[in-house]
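Undergrad: What follows is each chain in one-letter form.
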Amino acid sequence: NAGVIQTPRHKVTGKGQEATLWCEPISGHSAVFWYRQTIVQGLEFLTYFRNQAPIDDSGMPKERFSAQMPNQSHSTLKIQSTQPQDSAVYLCASSLGASQNTLYFGAGTRLSVL
Amino acid sequence: SQLAEENPWALSVHEGESVTVNCSYKTSITALQWYRQKSGEGPAQLILIRSNEREKRNGRLRATLDTSSQSSSLSITATRCEDTAVYFCATAYNYAQGLTFGLGTRVSVFP
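Respectively, the protein sequence lines represent chains A and B. Taking this note's numbering, I'd label the letters of the first sequence as residues 91 to 204. Taking this note's numbering, I'd label the letters of the second sequence as residues 558 to 668.
Bear in mind the hints are in silico, worked out from the structure with no lab data behind them. A few of these clues could be false.
As the list claims (entries may be wrong) - Calculated pairs, DSS-like style, for lysine-lysine (alpha carbon to alpha carbon, straight line, at most 30 Å):
no.	chain 1	residue 1	chain 2	residue 2
1	B	LYS595	A	LYS168
2	A	LYS152	B	LYS583
3	A	LYS152	A	LYS168
4	A	LYS152	A	LYS101
5	B	LYS595	B	LYS613
6	A	LYS101	B	LYS595
7	B	LYS583	B	LYS595
8	B	LYS613	B	LYS583
9	A	LYS105	A	LYS168
All values derive from a computational prediction rather than experimental measurement.
Please construct the entire structure, taking both the sequences and the accompanying hints into account.
TA: Structure representation (C-alpha cells):
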C-alpha cells in the first residue's frame with residue numbers, strides 16, 4: 091500500500107494564477123480530508139468528503155477555493171487567483187470512515203505564491 | 558478558535574527521559590486522537606482514545622483521558638532522538654465534522 095499520494099510535492103505559482111492540487115487516497119478508504127498548514131495557523135481543517143459526497147466544508151475560504159472528488163480514487167483542491175497568503179503546505183488524508191477514525195496523511199504539497 | 562489545545566508549546570529532554578504533553582478540549586467528544594508530525598512528513602496517528610476509555614497504551618506511549626476536566630495527556634517513556642517531532646491532539650464535535658487539530662507541542666529529544 092503506497093499510502094496517500096499527493097502531487098505535486100512542490101508548486102510555485104505567480105500571484106493571480108490558478109493552482110490545482112491532487113490527492114489519491116488509500117484504496118478502500120471512503121473519506122478524504124483536506125488541511126492547510128502554516129506556522130502561524132497550524133493545521134487548519136478545510137473540507138472532507140465521504141463516499142465522494144461533500145460532508146463538511148466549514149473550513150474552506152468562501153472565495154477562490156474549491157474541492158472536488160469526481161471518483162473514489164482521487165480528489166482535487168483548486169485555488170483560483172492565488173495570493174501570497176495562500177502559501178502553505180496542503181495536506182490530504184484519508185480514512186475508512188468518519189473523522190473519528192484514524193486519518194492517514196500524505197506528505198503534502200508545498201504551495202508557494204510569489 | 559481551537560477545539561483542542563496542547564501545552565506546553567515546546568519541550569526539550571535528553572534521550573532516556575520521559576516527556577508528557579497535555580491537551581485540553583472544549584466540548585464533549587466521542588474520541589480524541591494523538592498524532593505526531595516529523596519534519597517534512599504528514600502527521601501520523603499514535604493513539605486513538607475513546608470517551609469510555611481512561612487510558613490507552615502503545616509501546617512507549619501512554620494516553621489518558623479525563624472527560625470530567627476535558628483533558629488528555631500523552632506520555633512518552635525512554636525517549637529517543639527519533640521522537641523529536643510536533644505532537645498534536647485532535648478531535649471533532651461529531652462524526653459529521655472534520656477532525657480539528659491543536660497547534661501542537663514541539664518536542665525535542667537530545668542525545
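Undergrad: Now look at each hint and say whether the structure bears it out.
TA: Hint-by-hint comparison with the structure:
no., hint, verdict
1, B:LYS595 / A:LYS168, "26 Å, holds"
2, A:LYS152 / B:LYS583, "25 Å, holds"
3, A:LYS152 / A:LYS168, "13 Å, holds"
4, A:LYS152 / A:LYS101, "22 Å, holds"
5, B:LYS595 / B:LYS613, "22 Å, holds"
6, A:LYS101 / B:LYS595, "21 Å, holds"
7, B:LYS583 / B:LYS595, "26 Å, holds"
8, B:LYS613 / B:LYS583, "21 Å, holds"
9, A:LYS105 / A:LYS168, "14 Å, holds"
Going through the hint list in order, the structure satisfies each hint without exception.
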